Amino acid sequence: MMWGFKLEVKQNLRTKKFWVIIIIMAVLYVPSFYFMKSFFLQSGKHVTNEAAMSMLISSITGMTSFFVAILALLIGATAINSEIEKGTLRIAMSKPIKRLHYIGGKFLAHSLVLLVALLFSTVVSLLGILYLGGSFTTQLVVDVFLLNMLLLLAMIQLVALGYILSTVIKSSNTALGLALILMFVIFMIVPSIVNFLAIKNTINTDMGEMQKLQKEYTTKYLFYDPISQVKVITQDVSTTLSKNPQEVLKVRYNGVAYAIRNNLMNFAHIIWLTILYLFIGFYRFVKMDLR
Amino acid sequence: MILKIEGLVKNYGDIRALDGLNLEVKRGQVYGFLGPNGAGKSTTILSTMGLIFPQKGRIELFGSEIFSEGKYNEDNLVEAKRKIGYMPEHATLWDFLTPLQTLDIIGEAFKMPKSERIRRSEELLKMIGLWEVKNKKVGKFSKGMRQRLLLAQSLINNPELLILDEPMTGLDPSGIAEFKNIIRELNKEGKTVFFSSHILAHVEEICDTVGVIVKGKIRLEGNLETIKHEFLQKAGYTIILETTKKILFDGTGWRVTPLGEKKYRIVTSYDIREELHDFVASQGAKILTMQVKEPSLEEIFLEMVE
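Going line by line, the protein sequences match chains A and B.
Those letters in the first sequence? Residues 0 to 290, per numbering that gives the first Met the number 0, in order.
Those letters in the second sequence? Residues 0 to 305, per numbering that gives the first Met the number 0, in order.
None of these hints come from the bench; they were simulated from the model.
Mixed in with the good hints, there may be bad ones.
[Said to hold, decoys possible] Think about it this way: if two alpha-carbon atoms lie no more than 30 Å apart in a straight line, the pair counts; the simulated BS3-like pairs of lysine-lysine are:
no., chain 1, residue 1, chain 2, residue 2
1, B, LYS214, B, LYS262
2, B, LYS179, A, LYS85
3, A, LYS85, B, LYS110
4, A, LYS169, B, LYS113
5, B, LYS214, A, LYS85
6, A, LYS169, B, LYS55
7, B, LYS3, B, LYS261
If you're wondering where the values come from, they're calculated on a predicted model, not measured in any experiment.
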């Protein structure tokens, strides 16, 4: 298994798609933190440590999950078919390696590559928090770790979905195109529609009711979308206490562990679909003609 | 027996690529696997390497059954692959690696110790003439250089059986000559070579045994000399008669082309040397000279394909 892992890590860390996404993330993070700081300075609000942590969580789950999700789906959707097209898979599989070990190694390598991307964005976010006036605490480190693990699980689900595409669609370009369409339609447009319906159905109620319905709809109708599930979970990481927009932003910080415990159904959706996708992807690879 | 295939069937949808293929490769042979495009050569090789799933049949490598009843025995297959070097058709290697890194990582798949990998990589890169560019990225290589490296990767484990799928595609004439020499040398070292091609001259020059596959079936298999001898009967005969005499060949079933008053060209599907003398005599004439043209492998091959 380690042979496939080593080869795949080398392959992924040296490909353009990985570095392009990392660079885009870095380029987008810098202005977003700059604008956040300008906003706080202009409004004269004081940023508490809890508020800074909440911002960190939301920036990682928002921006990072978007970019790393694209990376994950692209990595997965071209994992097998592009290697068949190039012929490198025939070389690899002509060596004394079992198919399951090879795909297992590939999967571990892809997970590691995603973790590297997540950690990169986390480091940038932490620097951003320092820039906004927050400070490091033990809880912050623990929560950043937990959040990264949660996001990694979600991203692995997308890689696994990509494996299925990659073993079903022979052309890597077609698979790539389909992956991007899936990304935008199923993981962006449909969640927006579901959220819109939740808002529409709670138009005359308060914010709490609306969030409750959004969570319910997301759990029920967007169970296949790991990014939406992560967003639902991370909503509970903190609770806004300030009632008046003019007063200092007060936030009760609950932590990532609390948020996961509070949304076990959403966490379960991420896990079971990941296992299912991986099983289908691995099974297809083990049984497919590599030509 | 190093490779034995029995009744192998492989369908791609409605297309039958292998139709009950039987094939045997003995230790020490240089086996030329000939066939037109789409005959099933690559499908046979891919099945032997466990890369595709045939529907029926049996494959044995080094005496162990690796495939039967629609399933591979993965343990036996992995064990067999330790002793095989495979060079696929239309493949590239990892563009981001150098030749040294490529051979190193492939050696790792065979669990070769680092020192052995370094020694073997150097030996092979020198042998195939890529030592000077050992640190250049494969992505910048020409097709010929890639082919050489593909051959080198197939030799890293010092294999007992070398399976080469159209190995000379993309090589220039000097590359082809070097390649043939390498195969001859490897065979002298006792390695068995199973080598597919549609270029007959290559096969004729370096193989001692030939198998011709047409529409997924072996149509002809055996020693190259024996095959030629068997096909002699399908050769063309040119006869010159002693005197000018019109001979009527009607009803013989032979294909006859008059080439002059005394000269005829006759093509048959069986050996007619004795019969021809008698036939001409029965028409009151006598054969002065008879030339039998021995068929080239190309003619045999075309006959099979047609």
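For the pair supplied as a hint, LYS214(B) and LYS262(B), is the alpha-carbon distance within the 30 Å limit?
-> Since the Cα atoms of LYS214(B) and LYS262(B) sit roughly 39 Å apart, the hinted pair is violated (cutoff 30 Å).
Are LYS169(A) and LYS55(B) close enough, with their CA atoms no more than 30 Å apart?
-> Between LYS169(A) and LYS55(B) the Cα gap is close to 24 Å, so the pair holds against 30 Å.
Can the restraint linking LYS179(B) and LYS85(A) be considered satisfied, given a maximum Cα separation of 30 Å?
-> Roughly 26 Å separates the two Cα atoms, so the pair holds.
LYS169(A) paired with LYS113(B) [C-alpha distance capped at 30 Å] | Distance ~36 Å between LYS169(A) and LYS113(B) Cα, so the pair is violated.
Would you check the hint for LYS85(A) and LYS110(B), treating anything up to 30 Å between C-alpha atoms as holding?
-> Given that 30 Å is the threshold and the Cα spacing comes to 25 Å, the pair holds.
Going straight from one Cα to the other, do LYS214(B) and LYS85(A) come out at no more than 30 Å?
-> Status holds; Cα separation ~27 Å.
30 Å limit on alpha-carbon distance, applied to hinted pair LYS3(B) and LYS261(B) | violated, 52 Å
This entry does not satisfy hints 1, 4 and 7, going by the numbered hints stated previously.
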